[in-house]
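Please work from the sequences and hints to get the whole structure.
First residue of the sequence shown? That's 22 in the numbering used here, and the numbers climb one at a time after it.
A few of these clues could be false.
Claimed, not checked - Have a look at the derived ranges for each label pair, beta carbon to beta carbon:
(1) Tyr61 with Tyr26: 50 to 60 Å
(2) Gly27 with Asp63: 25 to 35 Å
(3) Tyr26 with Ile60: 50 to 60 Å
(4) Ser62 with Tyr26: 46 to 56 Å
(5) Asp63 with Gly25: 55 to 65 Å
(6) Val37 with Ile60: 31 to 41 Å
(7) Glu56 with Asn34: 49 to 59 Å
(8) Ser62 with Gly27: 49 to 59 Å
(9) Ser62 with Gly25: 32 to 42 Å
Note that these hints are calculated values from the structure, not bench results. Here a beta-carbon is modelled for each residue, glycine too, at the ideal position from N, C-alpha and C.
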Amino acid sequence: MPKGYGILQTETNQIVQMISLNKYKIFVGLIKKIELFQIYSDI
Numbered sequence: 022m023p024k025g026y027g028i029l030q031t032e033t034n035q036i037v038q039m040i041s042l043n044k045y046k047i048f049v050g051l052i053k054k055i056e057l058f059q060i061y062s063d064i
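Structure representation (structure tokens):
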């Protein structure tokens, strides 16, 4: 294995984790907005 490969792999993993974390946050945010919308439409 080339010397810099491990470092590149680690950086790639961190980027992937950041992206999936952002997607998760957006998803949770959407769910909360939908829940709020349902509460307001019930009133």
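Of the hints given before, which are not true for this structure?
Hints 2, 7, 9 contradicted; others consistent.
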